[in-house]
Structure formats: structure tokens, C-alpha cells
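Using the sequences plus the hints, can you model the full thing?
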Amino acid sequence: SAVISQKPSRDICQRGTSLTIQCQVDSQVTMMFWYRQQPGQSLTLIATANQGSEATYESGFVIDKFPISRPNLTFSTLTVSNMSPEDSSIYLCSVWGQGKAKNIQYFGAGTRLSVL
Amino acid sequence: SQQGEEDPQALSIQEGENATMNCSYKTSINNLQWYRQNSGRGLVHLILIRSNEREKHSGRLRVTLDTSKKSSSLLITASRAADTASYFCATDAKGTYKYIFGTGTRLKVLA
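Here the protein sequences line up with chains G and R, keeping their order.
No gaps in the numbering here: position 96 of the first sequence is 96 in my numbering, and each next residue is one more.
For my numbering, add 116 to where a residue sits in the second sequence, where the first one is 1.
The hints are simulated quantities; they were obtained by calculation from the structure and are not laboratory data.
Some hints here could point you the wrong way.
To be verified - Once the Cα atoms are required to be at most 30 Å apart in a straight line, the calculated DSBU-like pairs of lysine-lysine come out as:
#1 R:Lys186 with G:Lys100
#2 R:Lys224 with R:Lys172
#3 R:Lys142 with R:Lys172
#4 R:Lys172 with G:Lys100
#5 G:Lys102 with R:Lys142
#6 G:Lys100 with R:Lys210
#7 R:Lys210 with R:Lys185
#8 R:Lys210 with G:Lys102
#9 R:Lys210 with R:Lys186
#10 G:Lys100 with R:Lys142
#11 G:Lys102 with R:Lys185
#12 R:Lys214 with R:Lys172
#13 R:Lys185 with R:Lys142
#14 R:Lys172 with R:Lys185
#15 R:Lys214 with G:Lys65
#16 G:Lys102 with G:Lys7
#17 R:Lys142 with R:Lys224
#18 R:Lys172 with R:Lys186
#19 R:Lys185 with R:Lys214
#20 R:Lys210 with R:Lys172
#21 R:Lys186 with R:Lys214
#22 R:Lys214 with G:Lys102
#23 R:Lys142 with R:Lys210
#24 G:Lys7 with G:Lys65
#25 R:Lys224 with R:Lys185
#26 R:Lys172 with G:Lys102
#27 R:Lys214 with G:Lys7
#28 G:Lys7 with G:Lys100
#29 R:Lys186 with R:Lys224
#30 R:Lys185 with G:Lys100
#31 R:Lys214 with R:Lys142
#32 G:Lys100 with R:Lys214
#33 R:Lys186 with G:Lys102
#34 R:Lys142 with R:Lys186
Below is the structure:
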């Protein structure tokens, strides 16, 4: 399995500000995934981050709003920019397992964001 | 748009009873996974079933997959209060590398 650490675990932010969420994995991985989970909803994929290239965004998500960095094979950040109350969600980082677990997707504990 | 839909949306049962949740998806898949989420926290992986498999077991969990109907079910036997959580299915469509999640089932097990 993969051990994924996310920081911060939660934050309360003012509208118009930005928050950067960090994701650290205990092993080198090719792809890292960022998901959003709005209150009471399921998970929606925001983007896929590969090291050394620009992230690939899903429909409805844009780089200006959710810039992503992937400086190396164990770390990624997601920034939620110019926040509004609608951005209040849990943001989760995820990676594929390796070896026998290569088809399993593992998740961090998530970052619970509240925007006032 | 989401790949899968689950039903029921919510399920309330007594401790000791069995709980069955269903997941339907739209396109051909490589794998289907079931996850549990407690109170909006991180997701815990339960079972992965491959498209060429029909049934898998893990402890009190039983997962079936019917690719002809594009559906899967998760059965939790002899439920416990600690099983209270939201359960999600996730599928990776053939030709893609990403998992898309279903709508989820909120299970409440009453002691």
C-alpha cells in the first residue's frame, strides 16, 4: 500500500484568498490524482499530475483556479485560488499502489476546507 | 460526469443484519473498487474486482460483478455498528488510467 500525507488537514479561509494543499507519498509514483468532495457528495476528479509535465484537468476544472505543482515523484501541491464559499469541500490526494497493489488507488486523509 | 450510480442512496439496518449496496456504471471497465468513508474522512479501500472476475470475498464482505449488466454489488454480512459509513464504488474505464466514483450509499447500522 501507499502512505499519503496531506497538509493541512483542515482550514478555514476568507473568500478571495488562496490555499495550497500539500501531498507527500512514501514512495515514488508516476501519477498523482486530486479529487474534490463537496458536502454530502461523492468524489470528483479534478486533475492528474505527472512529474515534469503540466497537469491534466477534467472537464469543469481549470488551471487558473486549481494550479497544481509536481516537482518530484513523491510530492504534489494543489492550490485553490480566489476562493468562494462554493469551494468549501474536502480535497483528497490519491495515488496508485505498486506491485501487487498496482490497480488499487490509495487516498490521503483529505483536507477539509471551509470558505467564509 | 460520474461513471457510477449507487443504490440505495441511504440504508438503515439493525446490527447483525446483512447490508447490500449496488453500483451501476456506464462503460466497459478494467477494474471496480469499493471504498468506505467514515464521517467525511479519507477513503479506505475494501475490495478490488477485475473485469474478468465475478465474485470476491474478504472477511464479511462479498463483492459481485456482472459486466453484461454493468453492475456490481457489495454485501456486508452480520453488520456491526462500526460498519456505519458511506460506501463508494469506483471504476476505471477501459483505455483510461483514472477512477471515477459512484454516488455512494450511506449505511447506518443501529445497535
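Taking the hints in turn, this is what the structure says about them:
Between the alpha carbons of lysine 186 (chain R) and lysine 100 (chain G) the distance comes to roughly 25 Å, so the proposed pair stays at or under 30 Å and holds. The straight-line distance between the Cα atoms of lysine 224 (chain R) and lysine 172 (chain R) is roughly 23 Å, inside the 30 Å bound, and the hint therefore holds. For a cut-off of 30 Å, the pair hint linking lysine 142 (chain R) to lysine 172 (chain R) stands: about 21 Å separates their Cα positions. Between lysine 172 (chain R) and lysine 100 (chain G), the direct Cα distance comes to roughly 16 Å. Compliance with the 30 Å bound is thereby established for this hinted pair.
Between lysine 102 (chain G) and lysine 142 (chain R) the alpha-carbon distance is near 23 Å, which keeps this suggested pair within the 30 Å criterion. Restraint check: the Cα-Cα separation between lysine 100 (chain G) and lysine 210 (chain R) comes to about 20 Å, which is no more than 30 Å; the hinted pair holds. For the hint pairing lysine 210 (chain R) with lysine 185 (chain R), the CA-to-CA distance comes to about 16 Å; that is within 30 Å, so the pair holds. Among the hinted pairs, lysine 210 (chain R) with lysine 102 (chain G) is consistent with the structure: their alpha-carbon atoms are about 16 Å apart, no more than 30 Å.
A hinted pair counts as satisfied when its Cα atoms are at most 30 Å apart, and lysine 210 (chain R) with lysine 186 (chain R) qualifies at roughly 13 Å. Only pairs whose Cα atoms come within 30 Å are accepted, and lysine 100 (chain G) paired with lysine 142 (chain R) is accepted, the gap being roughly 27 Å. Note on lysine 102 (chain G) and lysine 185 (chain R): the hinted pairing holds, with a Cα-Cα distance of about 26 Å set against a maximum of 30 Å. Proposed proximity of lysine 214 (chain R) and lysine 172 (chain R) is supported: the alpha carbons are some 22 Å apart, at most 30 Å.
Of the pairs offered as hints, the one joining lysine 185 (chain R) and lysine 142 (chain R) holds, with about 9 Å between alpha carbons and a cut-off of 30 Å not exceeded. A distance of roughly 18 Å separates the Cα atoms of lysine 172 (chain R) and lysine 185 (chain R); the hinted pair therefore holds under the 30 Å criterion. Among the hinted pairs, lysine 214 (chain R) with lysine 65 (chain G) is consistent with the structure: their alpha-carbon atoms are about 21 Å apart, no more than 30 Å. At most 30 Å may separate the alpha-carbon atoms for a hinted pair to count; lysine 102 (chain G) and lysine 7 (chain G) meet this at roughly 25 Å.
The suggested pairing of lysine 142 (chain R) with lysine 224 (chain R) holds, with an alpha-carbon distance near 28 Å, which does not exceed 30 Å. Distance hint between lysine 172 (chain R) and lysine 186 (chain R) is fulfilled; the C-alpha atoms sit about 16 Å from each other, no more than 30 Å. This hinted pair checks out: lysine 185 (chain R) and lysine 214 (chain R) have alpha carbons roughly 22 Å apart, not beyond 30 Å. With a C-alpha separation of about 21 Å, the suggested pair lysine 210 (chain R) and lysine 172 (chain R) falls inside the 30 Å cut-off, and the hint holds.
Our distance criterion of 30 Å between C-alpha atoms is met by lysine 186 (chain R) and lysine 214 (chain R), whose separation comes to about 18 Å. Under the criterion of a C-alpha separation no larger than 30 Å, the hint pairing lysine 214 (chain R) with lysine 102 (chain G) is consistent with the structure, at around 13 Å. Between lysine 142 (chain R) and lysine 210 (chain R), the direct Cα distance comes to roughly 11 Å. Compliance with the 30 Å bound is thereby established for this hinted pair. In summary, the hint linking lysine 7 (chain G) to lysine 65 (chain G) is supported, as the alpha carbons are separated by about 19 Å, within the 30 Å threshold.
Note on lysine 224 (chain R) and lysine 185 (chain R): the hinted pairing holds, with a Cα-Cα distance of about 27 Å set against a maximum of 30 Å. The straight-line distance between the Cα atoms of lysine 172 (chain R) and lysine 102 (chain G) is roughly 18 Å, inside the 30 Å bound, and the hint therefore holds. Simply put, lysine 214 (chain R) and lysine 7 (chain G) have alpha-carbon atoms about 23 Å apart, close enough for the 30 Å limit, and the pair holds. Only pairs whose Cα atoms come within 30 Å are accepted, and lysine 7 (chain G) paired with lysine 100 (chain G) is accepted, the gap being roughly 28 Å.
Annotation: proposed proximity of lysine 186 (chain R) to lysine 224 (chain R) holds, straight-line Cα distance about 26 Å (limit 30 Å). The hinted pair formed by lysine 185 (chain R) and lysine 100 (chain G) meets the criterion: a straight-line CA distance of about 28 Å does not exceed 30 Å. Straight-line distance between C-alpha atoms of lysine 214 (chain R) and lysine 142 (chain R) comes to about 15 Å, which keeps the hinted pair within the 30 Å bound. This hinted pair checks out: lysine 100 (chain G) and lysine 214 (chain R) have alpha carbons roughly 18 Å apart, not beyond 30 Å.
Of the supplied pair hints, the one linking lysine 186 (chain R) and lysine 102 (chain G) holds, its CA atoms being roughly 23 Å apart against a limit of 30 Å. Simply put, lysine 142 (chain R) and lysine 186 (chain R) have alpha-carbon atoms about 7 Å apart, close enough for the 30 Å limit, and the pair holds.
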